[in-house]
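The listed protein sequences derive, respectively, from chains A and B.
The numbering used here puts the first residue of the first sequence at 1, with every later residue one more than the last.
The numbering used here puts the first residue of the second sequence at 1001, with every later residue one more than the last.
Hints may contain errors.
As the list claims (entries may be wrong) - Per label pair, the in silico range of CB-to-CB distance:
(1) Q1090/B <-> W92/A: 43 to 53 Å
(2) A188/A <-> E1257/B: 46 to 56 Å
(3) P1006/B <-> A99/A: 45 to 55 Å
By construction, these hints were calculated from the structure, which means they are not laboratory data.
Computed from a predicted model, the values in this text were never measured in an experiment.
Idealized CB from N, CA, C, for every residue including glycine.
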Amino acid sequence: MRLTDWQLAFEQHLLSETQIANSGFAATLLGGPTLDVETGLAIYHNAYLSRLQEVLRHDFGAIWYWLGDDEFAALTEAYVRRYPSAHYSLRWLGERFAAFILEHLVAGQSAPLAELARLEWAFTLAFDAPQGQPLTLNDMAQLPPEAWPGLQVTLAPSVQQLLCRFNTLAIWRASKAESDFPDSQALAPAHICLVWRHQNVCHYRSLEPAEMCALAGMVTTGWNFSELCSALAVTFGEGAPLQAVTWLKQWVQDGLLQRRVP
Amino acid sequence: MSASLPSLGYGLGLRSEYYQQILEQSPAVDWFEVISENYLVQGGKALYYLDAIAERYPLVMHGVSLSIGGPHALDTDYLKQIKQLAERIQPAWISDHLCWSRGNAHQLHDLLPLPYTEESLYHVAGRVRQVQDVLQRPLVLENVSSYVRAKADDFTEWEFLNALAHLTGCQLLLDVNNVYVSSRNHGFDAWTFIRNLPPESIRQLHLAGHMDYGDYVVDTHDHPVCDPVWALYQQTLEHLGPVSTLLERDDHFPPFEELLTELSKARELGATALARRALCA
């Protein structure tokens, strides 16, 4: 058997649902004095699946906690059979897990679970995203008064935005605290959750609609500070500049923003 | 007979569980080995600690994804990232495994054994040369533990390693535990394996623990080093002279002090072996 054919047979053995290897492939192998070929191949077969499942337990700890060992094992086995790893780094193994949950489970169960998977994946993305150059309060203090009206910002590279239609954050917090889960509930209205890394620690926060609109105006629409104040005047009247400064200070303190490069 | 490559002394695998203690306590560890893939990221805590620890300790890069014996084309993007990381932390050397970890279609994330045939030898040798051309330095390859072997083998594993080093100028990372594990599983003599390797090519040694199931042994890196592996290690050092020695632990992480104690044991046993070697010289 040529090397590439032998490796293809080995790969098919690892990816198959049964740990009993194809007899033609097994016949190309030797065991040892007390380790037969079947057991040797089973060691590789089990190691393949258990290694991938261990990574998913780490990256989706809240889903594991929610589903329990058996259901989580069944779900993750189905996932890695459907989407075998495509990246050399196991760090990317869970990239399609939320989408797979939507494909694999019935809608009533899948929507809140997929949302929890997206939240957990957002933490993974934030964890090792590029550092960027987040604005600091010191940067703001050194900004000359004439530069304030034209100030434009964008989100720091680690910031992930997640639309939450369910009480996913409460469920995630319960898993972290290893406490009883609240029942899954739809939120009305849905809210935006931010997940980001600041000073090497991951953070998360829900935003009220007014604050989210203000932030989106600056980081997505491209408002400068003066335009933010104008937009807020509709709701806050003369208090708009104070509200704008309050939010801006909070976002900068949180490490959410960096200067928009013209 | 002596190893010609200079020794860095006694090192530990750098694991995130111990980052903070390493920075706060500056432990008496001569060097650290980093898993390259853990740092092929764009930012975050891992790179922060890596940079800080690189300022204080010599580092060595140890990869698990090169798949030097794989059926696919070499991943040039991966190699480029390895090279960039090397430029960042200036490792004393770069190692990976004599194995394949990626199949025709998918990443398999295991250190899979190769048939030790002429076909494999020339396949791997060509790819080692490619890697060395990119990295501009000798690649260091580690022997892996295995649980099956191919009937088609033309060579023993040590003959294959010898031939590969001869053909390519690559260097060897001799994992003493892996030799022990494979010797138990396949029924060969561990010392025959080690004494037949080219001493001048051995850049580094690995020590680790395993799970012994009686009829077979599984390389798990989650236990302390066992007595037969310590004995084999001493015999190896007595044969080779000083070689950089790395204690690996990849799971069931004990308190850092326990690892330091185990590293001290490696130093003491190593010193005894080297003293015996000096006496016999």
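Verification of the hints:
1. A hinted range of 43 to 53 Å for the beta carbons of Q1090/B and W92/A is inconsistent with their spacing of about 27 Å.
2. Checked against the given bound of 46 to 56 Å, the beta carbons of A188/A and E1257/B, roughly 53 Å apart, stay inside it.
3. In this structure the supplied range 45 to 55 Å holds for P1006/B paired with A99/A, their Cβ-Cβ distance being about 51 Å.
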